Each structure stands twice: as structure tokens, then as C-alpha cells.
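Asker: Below are the chains, spelled out letter by letter.
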Amino acid sequence: MRAPGFTFDREGMRIRLILMVAISVILSVMAVGAVAISAFDRAVEPELSTRVRLIGSTLRGEIQRALDLGIPLESISGLDAYLNNALEDFGEVDRISVLNAQGDLVAVSERESATVQGAPTGFGQVVSIEAARFELPILEGNTLIGTFVIETDPHFVRTRLRQVFIDVVVIVLVAIVVAMEAAFAVAMSSVGKPLDRILRLLREQVKGRFNLRIRPGGLGGLAQTVARFNDHAEDLSEQLVNLPASARKRIAGFPRWSITEGRPLRLRLSEISDIRIALFLFSVSAETAVAFLPLYARAATRPDWLSAEFAAALPLIVYLLAMAALSPFAGTIAGRFGPRRIFLASVAPNALALLALGFADSLIAIALLRGAMAISYATATIGCQTYAIRAGEEAGSARPFGTFMAVIYGGVFCGSALGGLVAGRLGYGSAFVFGASICLASGAAGWFAMRGRAGDMDMKNAMSAAARERMRFSVPFAALLAGVAVPMNATIAVFIWYLTPLILASNGLGPAEIARVVMLYYLAVILLGPAVSYLSDRGPGSAVMVTAGGLLSAGALFSLSFWSGFWAMAVAVAILGIGHTFIRAPQYALAVRMTGATGRGLDYLRAVERLGALAGLGIAALAVGNWGGEQIIRILALIVLSGILVHMGAGLALRSRRQT
Amino acid sequence: MALFWRIWMAVVAVNLAVLSIFVILATMQFGNINAGLAADRLTVLANRTAAPFEAAAKLGLPLSTVRNARALLERSRQSDDAILSIDVFDADGRIIHSTADSQQREISADIQETRRAARGAAWHHETFDGFLSGIEIASRGGGSAGGIVITYSNTENVTRVRAVGAELALGAFLIFLVTSGLSAGLLRLGLNPQIGFFDSLEETISDFERAAWRSGGHDLAPAGNADESELKRLLAQAEHNYQKARLDLDGLRVKAT
Chain A
1 MRAPGFTFDR
11 EGMRIRLILM
21 VAISVILSVM
31 AVGAVAISAF
41 DRAVEPELST
51 RVRLIGSTLR
61 GEIQRALDLG
71 IPLESISGLD
81 AYLNNALEDF
91 GEVDRISVLN
101 AQGDLVAVSE
111 RESATVQGAP
121 TGFGQVVSIE
131 AARFELPILE
141 GNTLIGTFVI
151 ETDPHFVRTR
161 LRQVFIDVVV
171 IVLVAIVVAM
181 EAAFAVAMSS
191 VGKPLDRILR
201 LLREQVKGRF
211 NLRIRPGGLG
221 GLAQTVARFN
231 DHAEDLSEQL
241 VNLPASARKR
251 IAGFPRWSIT
261 EGRPLRLRLS
271 EISDIRIALF
281 LFSVSAETAV
291 AFLPLYARAA
301 TRPDWLSAEF
311 AAALPLIVYL
321 LAMAALSPFA
331 GTIAGRFGPR
341 RIFLASVAPN
351 ALALLALGFA
361 DSLIAIALLR
371 GAMAISYATA
381 TIGCQTYAIR
391 AGEEAGSARP
401 FGTFMAVIYG
411 GVFCGSALGG
421 LVAGRLGYGS
431 AFVFGASICL
441 ASGAAGWFAM
451 RGRAGDMDMK
461 NAMSAAARER
471 MRFSVPFAAL
481 LAGVAVPMNA
491 TIAVFIWYLT
501 PLILASNGLG
511 PAEIARVVML
521 YYLAVILLGP
531 AVSYLSDRGP
541 GSAVMVTAGG
551 LLSAGALFSL
561 SFWSGFWAMA
571 VAVAILGIGH
581 TFIRAPQYAL
591 AVRMTGATGR
601 GLDYLRAVER
611 LGALAGLGIA
621 ALAVGNWGGE
631 QIIRILALIV
641 LSGILVHMGA
651 GLALRSRRQT
Chain B
1 MALFWRIWMA
11 VVAVNLAVLS
21 IFVILATMQF
31 GNINAGLAAD
41 RLTVLANRTA
51 APFEAAAKLG
61 LPLSTVRNAR
71 ALLERSRQSD
81 DAILSIDVFD
91 ADGRIIHSTA
101 DSQQREISAD
111 IQETRRAARG
121 AAWHHETFDG
131 FLSGIEIASR
141 GGGSAGGIVI
151 TYSNTENVTR
161 VRAVGAELAL
171 GAFLIFLVTS
181 GLSAGLLRLG
191 LNPQIGFFDS
201 LEETISDFER
211 AAWRSGGHDL
221 APAGNADESE
231 LKRLLAQAEH
241 NYQKARLDLD
251 GLRVKAT
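Going down the list, the sequences are from chains A and B.
The C-terminal residue of the first sequence carries number 660 in the numbering used here, and the numbering is unbroken.
The C-terminal residue of the second sequence carries number 257 in the numbering used here, and the numbering is unbroken.
Keep in mind that the hints were calculated from the coordinates and are not lab data.
Treat the hints with care, since some could be wrong.
[Claimed, not checked] Below, in silico cross-link-like pairs of lysine to aspartate or glutamate (EDC-like), each with a Cα-Cα straight-line distance of 20 Å or less:
id, chain 1, residue 1, chain 2, residue 2
1, A, K207, B, E113
2, B, K244, A, E234
3, A, K249, B, D250
4, B, K255, A, E238
5, B, K244, A, D235
[What the hints assert, rightly or not] Computed spacing ranges between beta-carbons, pair by pair:
id, chain 1, residue 1, chain 2, residue 2, range
6, A, D68, B, M28, 38 to 48 Å
7, A, A81, B, L182, 28 to 38 Å
8, A, A444, B, T159, 38 to 48 Å
9, A, L105, B, R48, 20 to 30 Å
10, A, E630, B, S153, 48 to 58 Å
11, B, A121, A, N507, 19 to 29 Å
12, B, A211, A, V241, 23 to 33 Å
13, A, A444, B, I24, 22 to 32 Å
The structure displayed is predicted, hence computed values, not measured ones.
Here a beta-carbon is modelled for each residue, glycine too, at the ideal position from N, C-alpha and C.
Work out the full structure, taking the sequences as your base and the hints as a guide.
Answerer: Rendered as C-alpha cells:
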């Protein structure tokens, strides 16, 4: 028998789950997509056929009228123009032609796309539809003098289905993240957590402490083991109670046994994964409005002196302001009242603010509500982060930051995608109601999952450890803050949150399409995050990853100077997401290494991140009217590049000083 | 295997949810495509039907003066069995000619509202009974002399949408069955280390339980072999401690009595 180790391989399982769930879901949807196109084609064929025949007979009627007046077919003036007009009116018609009795072309009108498209390939070939061709005779008296031919676009159904497929792609991506979270939660609640609890109880009992019991549960033999060893503690407790009072006092003669006189206390263990579902859902709810909020705010009534551009940015500015103002105190508040209570208290205000946003029609109301959301978001996330840090310390693990960031970004990704989808299909109001419902679900998840001791308010040791740390403030750390953290967060706020929705909206895209582009940024974080953490720890190192990420980010922003439009934005957003993924986790590792402190160093980093985002967004919102979005993106690219050079310079200077 | 089945059920549930959403969205989209095609076709028919009325209106004649109006409308109506009626109305919405036998004198307020919103363009309106499609008839001065409204039965459209929905649902269900089996295979292969870990846990626990039965409630000697798993060692040591503690408590009871 292979001896089991003591760690349930969580990260390995996560990577495998992403891969397998993705394969399974994508295969299903592709197969049903093929079925859908085929079914649509067959179902729409009679309608298409009737319709094209009607169009053909109407157009032929006009030609017939000219013939009845004695005009020969070849001499009807403006026939080409007439056919061109008809072609413009009917999207599914690809080509209309008039042939004489010998089959020679008299007039023709056809779409450019019809000649360019050519044969379908790959998936398109599997589901391609036959082009329909209708021929109607043209008569002069009883003589056939020509033929009217009308041909339809074989891609018609497929182009009409494209919208559904784009929506489904979003659903598939969200489903992969949700399925992974669900499968992981199942594995953790069935094996991971029960095993941790059993090991803790066994270690206590090995030390002779029979005064604790654990929550029943677990899969198969694990549940049986919990029942047995809980019963041992309870049995000894009952034995002790049943002893005469004089004998009970003599138990002190056996110092190796610790047995309670009442029911053993229940051990409440905390696991980092306790926060996963609650934080994921909260993050989803908070982000449902992100993709379309600039558009929503721009359309709201505003004071005359306020420009539309600044109005679009105002809710974001208020959001960041509230976050920056609260961040330095949120950790203390979470410690004072307990992470669990803080998280649960944040749920209702966030849900109410989301609901109220749906009814808000003035910019001031929208900005204030976004500010309220920011406060509840800050307290909720810091509550979860504090819980994770405490749970991590209990387990002697350094996973909390990684878990926290992965869950937050998973939620951000799903929230922005789903928010855009719901807003696009059902309207903004529905998207806000959807967000509020998810928020309440996150409260329920937090209520049940965050019951470990890490959620309590009395974990003085855990809090004081961070508070006692002395932080080293060095030049490389300052370079990291100014050269990496500030530009990165200014780029997120200015480019991803503000300019991307505005630029795409000016290209005629709706909220759902905008959300799909924005989600590309978060997709990179989710998919590449674990690999980057691995490379940062065991590969080229954190500093190299941060530098590579910075150069990639600058490249993505500069690329928009050379091309523009939907695809340019989509590619830039995706590459920026990859670049920032390279930076994010290694940056935290570098901050801890440079300052020698986890608590204070990260507090500085967080505060500077928020201020960077705030300053960047404020300046961009004020300047966009004069400079335009493209100029601002170029300036942003220069700032990112300069920042990385400063960071590299500081690193090289430090290294050369160490060598001398 | 219990762990595997649980994870598989979670993945299958999400897969089912995704396919259900896809089927619903696709069916809705088909309904839109079908209704759009029908609406466009009815517009073509309405334009063709309106031609003689428009010719009269452009001469400044009232729409009511068109000869054989009922026959003209009836010929258009008979071009498609699903057309319930065709009405010609004047600028105020009073019905002048109709293929229907009903005594309705005016087009409904809903249609008037839709007409106004369309601002002279072709319009479509869906009601519980059917699908309405209309166009304006231009007057001599360029304004509206009235219009034509075609009432089209929704039955065929609804049937077609339902048929597509059912076909998609059936197809999705079959694909779901296939991909569920496939995902079971994938998960079994991919999660082999985790499943193996859980199986070895189960085996360790079974071994311990068996040893406990065989000892008949007597003290279970703690495992001291370094090659054995830590779980096995902890289980045996905790059990041993329990037996010892129980003996100590029994000893105290005996002494007290």
C-alpha cells in the first residue's frame, strides 16, 4: 500500500480540473452548436423559400410590366440599379440576375461578400448550408424570353446565430470557472477539510488531550474515523463525570490526560478555502456593473458643467476614493469585529446599493451608490483576506494571497462577463437585480463556510504578529511601488475600466460585447495565474517576471498606436492581462522580500495601488476631452515603460552594491 | 471512487446547466430569426398590395374610391394560408377595406401607437392572437393617406419554434449523455493522483479498523515502524492513548469504591 502523505494536492487538482472541465464543456457546446445550426437551417428553409419566391415574383412583376409596355428585355433602362436597390433591402439575397432566352446575362447585382466568402472551412464546413437558387420565367405573351434568377446567402443562418455563439462562449468560460470552483468545493468538503480536522484531533489525542471533538462528516471511512475519535473524547468525559467526586479530584494525578467534565469542546478549524465560494460570489456581484457602468453613468442626468467623459469616470473615481480612504483601516476593523462578522455585515449594504443603482437616474446618486459599494467591497474583501491569512498561519502555509487573488479575479471575470450579458439581453435593471441576488447568495455561503476560528474577533495573536513587524523601507521597494505598482494600477483603472468601454462603445459595440473584451483581461489572470506563481517561485524569479510583465504591458499599450478597431482593442486587452498576470503575484512576493514584513509591506503596497489607480483615472478623465483616448494610451505606455526601467535600474544598482 | 463520483456529479451538473442555457438562448434566437423573416416577407406583400391604393392616393383620390379593393386584398390574402386578414385604413385609423368579416371599424390603439413610433417606416407588432405587419400609404403631399395592416397567424411560427426547441433539447440531451461519459473518463484519468490518495486513506482507515476489531477492545499497540504512514501512526497512537486513559479512569473508580 502506498503510504498517504498529509497534503491533499489542492493546486495540482485545480490545474487538472480546469483542463478537464474545459474539454468537457467546450466539446458539449460545440456539438450542440452544430446541431443547432443544422436544425435552424432545416426549420428556416420553408420560410426562406417562401420569402425569396415572393421577392422574386414581385421583382419579376416590375420587369413584366415594362415588357407589357413593349420595351424589349435588353433595353429596359436602369435594370442594374433596380436590382441593386432590391439587393440592399433583402439581407439574405446574395445575387439577383436576369438572363435572356439564350441564357446570356442581361443584368446582375451581387454582394461583394458572396464572391469573397468562398468555400467554408473547418467547423463551418460541417454545418454549412446549401445556397438556394430560384428561377422564375419571364414571359412575353406566350413566349419565354428570359429567366429571373435569385440566389440566397448560404451563410445567412450562421451569421444570424453568431450572436448566440458569442453569448455562449461567455457562458462556457464562466461555466468552466464555476464548475472548477464547484468541483473543488466538493473535493474539499468531502476529503480535504475532514482529513485536516481528523489529523488535528488525532494529534491532540496523541498528546493526551481528549477535551476536543470535531464536526462530523467526510467521505466513507473518514466519517467513520471522525465518529470513533469523537466518541473516545465523549466516552472519557462521561467516564470522568460518573466518577465519585473524590476520585475526580485525583485525575490531577494523571497530568498526561486532559479530559473535560462536560461535553468536549468542538474544534473549529479554519481553512483558506472557507472563503472561496463566499468571496467568489461577492466578487461576481460587485463586478456585474463594471462593464457597463461608464455608459450607464454617461447617460444619467448630470450638472451642465460636468462633461460626459468625466461623468462616465466619476463613479469609478468615487469607488477608488472610497477604497483608498478605507483600506488603511479595513484591516483593523476586520481584526476588531472579526472577519466573519465584517464580511456578513458588508453583504446587505452591497446588495442594497446594487438594487438602488438600478433605480438611480442622476449621476450624483450613481456615484454615491458606487462609493457605498466600494466601502462594502473593501470591508468584505479585507475580511476574507484577514480570514485567509489567519487560516494560513494556523496551517503554516503561505497560500492565502494566491488563493485570495485567484478567487477575486475569478469572480471579477465571471461578474463582468455575466453583467454585460444580462444587461445586453435583459437591460441594465436586470443586471443590477442579478448582482444583488448573487450578493445575497455570497452572504449565505459566508454564513455557512466562514465558521472557523479565523473568523472570530478574539484572535489576538494572529493580529498582533502582523502589527509587531518592523518594516524595512528601501530604494528598491520605493522603485517597485512607483515604477510597477502605480503604473499597473493606473493602467487598469484608465485603460481597462474607463477607456476600453468608451472606445468600444464609440465603435458601435453594446454592453455585452464590451464586457466580452474586458473579460479577456481577467481571463489571462485566471488561466496563467498558477503557472506564473510556479515560475516566480521555482523559475526565473519574481524580479524577472515583473520586468517581463511590464514590458509586455507597455507593448500592448503601444500597439494601439499602430492599429485600431475592435480586434486591436481585444488583443491589447488580452496581452495587457497577460503582462499584469506576470506582475501581480511576483510583485507581492518581492514586496514581502524587500520589506521583510507581510502586514505593513502589503498595506503600503495596497494603499499605493489604490492611489495610483485613482490619480491615473482622475487625470485621464480630465484630459480625455483635450487629448483624446489614443494620446492618453500612448502616455500611459510611456509611463509603464519608464517605471519598469526605474525598477530594473534599482534592482541592478542593489545587485552591484551587494557584489562590491 | 466515492470522491470521483462526487466531483463528476458537480461537473455534470454545470455541464447540464450550460447546455440548458444554450438551448434556451438558441431557441429564443430562432424565434427572433423566424419572426424577422416573416415580418420582412409580409412587408414585401404589403408593399405589393398597397401599390394600387398608393396610385390612387397620389392622384389625390381617397382610398375608399379604389375599385375592386376587396378583390385586390383577397388575392393577396390567398397567397398565404396563414394570413388571417388584410385591412386598409385611412390616416385617422378608420378601416376602409378589409378581407375580414368582423365589424371592427378602427385599428386598435396599440397599432396606432406602433405606427406613430415607426414614423412612416414599415412596422411589426406581435399580439397574443397573431403577428401584425403594416406599412404606410403615401399621399399626394408626401404625408400619410393611411396604411395597410396584415394580420398573420402565429400558430405556424410558434409550432416551428417549439419544434426547433424540442429538437435542440433532444440533441443536447444526447450530447450531454455522451460528454458526461467522456468527462467521467477524463476525470478518472486526470484525477488519478487525488483518487489514489483518497483510496489509500480509506485503506489505512480500514486496516486500522480491522486491527481494532481483532484486538477485541484491548489496547492497540502504537505503530512504531518509520515506513508506515503518519496517519496510521496517529490512528494507532490515539487509540492506544484512549485505551490507557480509560484504564486509568477505571483504576480511579476501583480505588474510590
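Asker: If a hint holds in the structure, say so; if it does not, say that too.
Answerer: Hints, one by one, checked against the model:
no.: 1; hint: A:K207 to B:E113; verdict: violated, 83 Å
no.: 2; hint: B:K244 to A:E234; verdict: holds, 15 Å
no.: 3; hint: A:K249 to B:D250; verdict: holds, 14 Å
no.: 4; hint: B:K255 to A:E238; verdict: holds, 18 Å
no.: 5; hint: B:K244 to A:D235; verdict: holds, 13 Å
no.: 6; hint: A:D68 to B:M28: 38 to 48 Å; verdict: holds, 46 Å
no.: 7; hint: A:A81 to B:L182: 28 to 38 Å; verdict: violated, 56 Å
no.: 8; hint: A:A444 to B:T159: 38 to 48 Å; verdict: holds, 42 Å
no.: 9; hint: A:L105 to B:R48: 20 to 30 Å; verdict: holds, 26 Å
no.: 10; hint: A:E630 to B:S153: 48 to 58 Å; verdict: holds, 54 Å
no.: 11; hint: B:A121 to A:N507: 19 to 29 Å; verdict: holds, 26 Å
no.: 12; hint: B:A211 to A:V241: 23 to 33 Å; verdict: holds, 30 Å
no.: 13; hint: A:A444 to B:I24: 22 to 32 Å; verdict: holds, 26 Å
Going down the numbered hints, you'll see the structure goes against 1 and 7, while the others check out.
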